[in-house]
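Novice: Residues per chain, in single letters:
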Amino acid sequence: MSTESAPAPQSGVAEDVKQGPRIAVSALTTNLREYGLIIALIVIMLFFQYTTSGTLFKPVNLSNLVQQNSFIIVMALGMLLVIVAGYIDLSVGSVAGFIGALAAMMMVIWPLGIFSNPLVVSIVCLIVGALIGAAQGYWIAYHRIPSFIVTLAGMLIFRGICQALLGGGSSVGPLPDSFKALSSGFIPDVIGPLTLIPPTVNAAGKTIVGSGLTLHMTTIVLGLIAVLAYAYFGFRTRRKRERHGYEAEPFPLFVVKTLVGSALALFLVFQFASYRGLPVVLLVMGVLISLFVFVTKRMTIGRRIYAMGGNAKAAQLSGINTERLTLLVFINMGVLSALGGLIIAARLGQAVPAAGLGSELDVIAAVFIGGASAMGGVGQVIGAVVGGFIMGVMNNGMSIMGVNVDWQQVVKGLVLLGAVIFDVYNKNKA
Amino acid sequence: MASTILEMRDITKTFPGVKALSNVNLSVEEGEIHAIVGENGAGKSTLMKVLSGVYPSGTYEGQIVFRGQECHFKGIHDSEHIGIVIIHQELALVPMLSIAENIFLGNEHATYGVIDWDANETRTAALLKKVGLKEDPKTLITNIGVGKQQLVEIAKALSKEVKLLILDEPTASLSEKDSQALLDLLLEFKRQGMTSILISHKLNEVNRVADNVTVIRDGRTIETLPRKDISEDRIITSMVGRSLDDRYPPREPQIGEVIFEVKDWSVYHPIHAERQVIKNVNLNVRKGEVVGIAGLMGAGRTEFAMSLFGRSYGRHITGEVSLHGKPLDLSSVSKAVENRIAYVTEDRKTYGLNLIDHIKHNVTLANLGGVSSRGVIDDMREMSVANDYRKKTNIRASSVYQLTGNLSGGNQQKVVLSKWLFADPEVLILDEPTRGIDVGAKYEIYTIIARLAAEGKAIIVISSEMPELLGITDRIYVMNEGRIVGEMAASDASQEKIMRAIVRGEGKKAS
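Those protein sequence lines, which keep their order, are chains A and B. In terms of our numbering, the first sequence opens at residue 1 and continues consecutively. In terms of our numbering, the second sequence opens at residue 431 and continues consecutively.
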């Protein structure tokens with residue numbers, strides 16, 4: 001059968017046309033979505049920086065922003081794989097709530113002795129998350145029950161269990177400080193602080209909080225290492241491509257991209273260093289993001305997930321065990337939902353029945369704003385992360401501006417719709 | 431002499447950077463069957479999209495004159511309104527709706543939105559009679575075969591009081607019998623005075639029904655041949671711009687010992703558990719041999735191949751498979767691939783390719799281990815593999831980063847082949863490897879098959895085109911109703927012999 005659909009002349013008549021410079025252009029346009037998204041995030045940040053008279057970028061607020069949104073981004077990493085694989089998971093908010101409740105019960109109420117240690121509890125909770133993911137994934141993978149239905153059931157079930165565990169409407173706490181550090185802690189300054197400007201001392205002989213400038217040196221060093229590694233690996237990949245004779249993006253574009261990226265990162269690092277250093281949860285997030293970028297871009301299992309989402313039957317007939325892969329994707333989602341639940345509980349310092357309520361929608365929205373396709377097979381980790389930050393910055397910025405919560409939802413909805421329309425429009429244009 | 435019903439003059443259509451059609455002229459007489467032939471990507475479908483208004487007036491240059499009136503269609507509705515109806519090769523029917531609902535979809539007999547079902551069904555029954563389809567109008571589309579679905583599409587066109595019927599590859603997925611019936615129907619319409627345009631790859635069909643043939647190549651009209659000048663060779667020469675002395679590449683088979691053997695293979699239907707689809711099939715392939723499996727549509731050939739390949743079809747599969755005399759475990763696709771069996775599906779879009787991903791990722795998918803270590807993909811190695819196979823199989827694309835969904839059928843097929851070649855199989859099962867691809871690409875595929883055989887691989891080709899089997903295989907098995915009903919050397923096989931084997935097989939069943 002002929003496949004002369006509208007754009008097909010490219011493949012037929014145009015085959016003979018020399019397309020040398022086109023490749024550079026297409027490299028740019030294929031990445032345009034990713035750049036566009038990051039630019040959108042920067043524009044939104046600048047907008048709120050202006051409307052909040054500079055509050056947004058204040059070190060304290062940046063730390064808040066990260067701590068408030070980290071659980072969304074952690075869960076979005078799992079959701080990205082779920083959506084790329086061609087499924088959806090509506091249960092993540094409820095699972096997070098349930099795990100938070102479970103953690104609180106184990107640490108505060110149940111007499112578990114040594115097992116109520118926060119570390120032990122956290123590990124047990126992640127395992128329970130994996131089991132929940134496996135239980136839902138089993139029905140989806142091996143019995144072909146639509147994921148929408150299985151996880152809708154999961155959403156009801158785990159919210160119910162969460163509330164039952166907490167004994168009706170009450171909350172359980174306070175949680176131990178060492179546990180709370182997961183969300184509200186900062187990394188220790190092993191190198192020691194560097195005082196650039198000594199703090200002002202007032203008449204009573206006390207230092208004025210927030211005056212002066214002391215840098216958290218460990219944060220600075222970590223930030224520098226990260227930026228250098230980013231530039232080094234970018235450069236190395238580029239060299240490697242050139243050595244093998246493959247087209248890389250134009251050099252000026254590469255330099256600008258690296259410089260802008262590094263400058264932004266260093267600015268943020270400096271802001272964190274001038275407050276209390278890197279939030280622990282940001283470090284956790286950073287490690288997870290790098291891991292998932294690596295898995296999706298470089299590992300065979302990542303490639304297989306994209307292939308399954310793109311065409312499950314073809315993937316299966318290429319020797320990919322789609323059932324097991326589906327199960328693994330949901331187990332991964334379960335673990336990350338559990339981690340999300342721990343982060344929420346640690347931030348609140350207690351387990352509440354409504355923890356994570358409705359957050360599945362924020363997580364899914366982050367992934368779609370990040371450019372994933374609802375049909376599966378398309379989506380990037382970085383996209384989902386930036387999507388999550390776009391939502392987070394809007395939440396944070398609008399709260400500072402004093403925008404009513406009701407209207408915040410309206411704005412978020414419009415942004416989601418706009419991002420997806422922009423995607424579809426781009427695709428049709430291409 | 432009949433008058434001209436349609437005249438397309440100097441049609442030029444450009445897409446960004448590409449001229450898809452340049453100064454195409456087409457003139458169709460009233461009451462004729464006019465065939466349009468050309469390789470994939472030649473511009474046939476684009477021309478039809480211009481004609482039917484999919485590309486609205488103003489997006490192309492040139493004139494369309496239909497029944498003496500110059501037309502400026504803004505969309506399909508305009509062209510349908512004056513009686514030009516196109517039936518696309520991908521059928522546009524809703525599977526879970528009935529025949530009657532489909533025929534009048536968007537055009538229901540209704541008053542104030544309330545549908546008059548009786549009127550719809552009575553009219554549907556009349557239309558079905560016209561196309562010779564004996565089905566209840568209430569039957570769901572999903573419950574009738576592709577051949578009948580095609581007839582429903584035609585009935586739907588008739589309901590729109592069609593003056594010019596355009597069929598785009600109508601027989602691409604039909605069996606021989608259904609194809610014949612469809613062509614007979616076209617001839618019947620012609621007797622009743624209807625004009626049709628037939629786009630087809632199957633030159634024997636064109637030969638049979640067309641009054642005039644217009645050949646399109648590289649977005650240009652090459653020539654229009656009248657009935658008396660139509661011959662397959664003449665058309666092929668015109669289509670590819672060169673003469674193909676031989677449609678099949680020359681080949682000197684070097685056949686060794688039996689390496690692949692299937693014994694007593696039986697398979698039951700996945701849903702109707704009592705139905706045996708494959709019945710005690712025995713088959714072997716020698717080193718360097720190309721073995722064909724002939725048979726009619728529904729003979730069970732694809733089901734046989736898929737049940738072999740990792741049990742991808744059927745239930746209660748029994749039988750033995752051996753490679754080099756050792757029994758093989760083919761219980762999953764990955765085991766089959768590990769044991770160096772490959773299966774190139776007949777439906778590349780549904781089962782073969784990830785259409786939203788590019789060539790590079792598709793080529794390595796079945797053998798990711800070959801471009802990775804400890805689960806980490808080596809981008810450079812993958813890149814060189816993809817470029818290598820792109821050259822080997824002559825995939826025409828701007829780069830290995832072109833999406834496979836944007837490739838022509840022939841090039842898509844080459845990507846699927848590359849994928850399986852990279853998996854390095856010893857036994858390669860090709861299911862309808864040249865379905866729906868043009869003459870030039872077919873030749874390239876045959877060349878690849880010949881090369882693989884020369885490398886000592888065992889190859890099984892399933893094909894419904896008997897000349898193809900006779901042209902490229904060494905030995906042919908004939909399958910009918912899930913049974914092997916004949917085996918013959920290709921050198922003394924003929925279309926008649928194969929058909930006779932099939933008919934004899936049917937006779938056996940009746941007795």
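FYI, nobody ran anything at the bench for these hints, they're computed from the structure. Keep in mind the model is a prediction, meaning the values are calculated, not measured. Keep in mind that a hint or two might mislead.
[To be verified] In silico DMTMM-like cross-links for lysine to aspartate or glutamate, where the CA-CA straight-line distance does not exceed 20 Å:
1. A:LYS297 with B:GLU750
2. B:LYS765 with A:GLU249
3. B:LYS593 with B:GLU510
4. B:LYS693 with B:GLU635
5. B:LYS559 with B:GLU520
6. B:LYS560 with B:GLU459
7. B:LYS504 with B:GLU462
8. A:LYS313 with B:GLU862
9. A:LYS206 with A:ASP189
10. B:LYS658 with B:GLU635
11. B:LYS756 with B:ASP854
12. B:LYS607 with B:GLU591
13. B:LYS564 with B:GLU551
14. B:LYS709 with B:GLU917
15. A:LYS240 with B:GLU812
16. A:LYS240 with A:ASP177
17. A:LYS240 with B:ASP818
18. A:LYS240 with B:ASP808
19. A:LYS313 with B:GLU459
20. B:LYS717 with B:GLU768
21. B:LYS449 with B:GLU459
22. B:LYS593 with B:GLU459
23. A:LYS313 with B:GLU768
24. A:LYS297 with B:ASP808
25. A:LYS297 with B:ASP809
26. B:LYS821 with B:GLU750
27. B:LYS821 with A:GLU247
28. A:LYS313 with B:ASP818
29. B:LYS590 with B:ASP546
30. A:LYS240 with B:ASP809
Novice: Output the indices of the hints that this structure fails to meet, ascending.
Specialist: 1, 2, 4, 5, 6, 7, 9, 12, 16, 19, 21, 26 and 28
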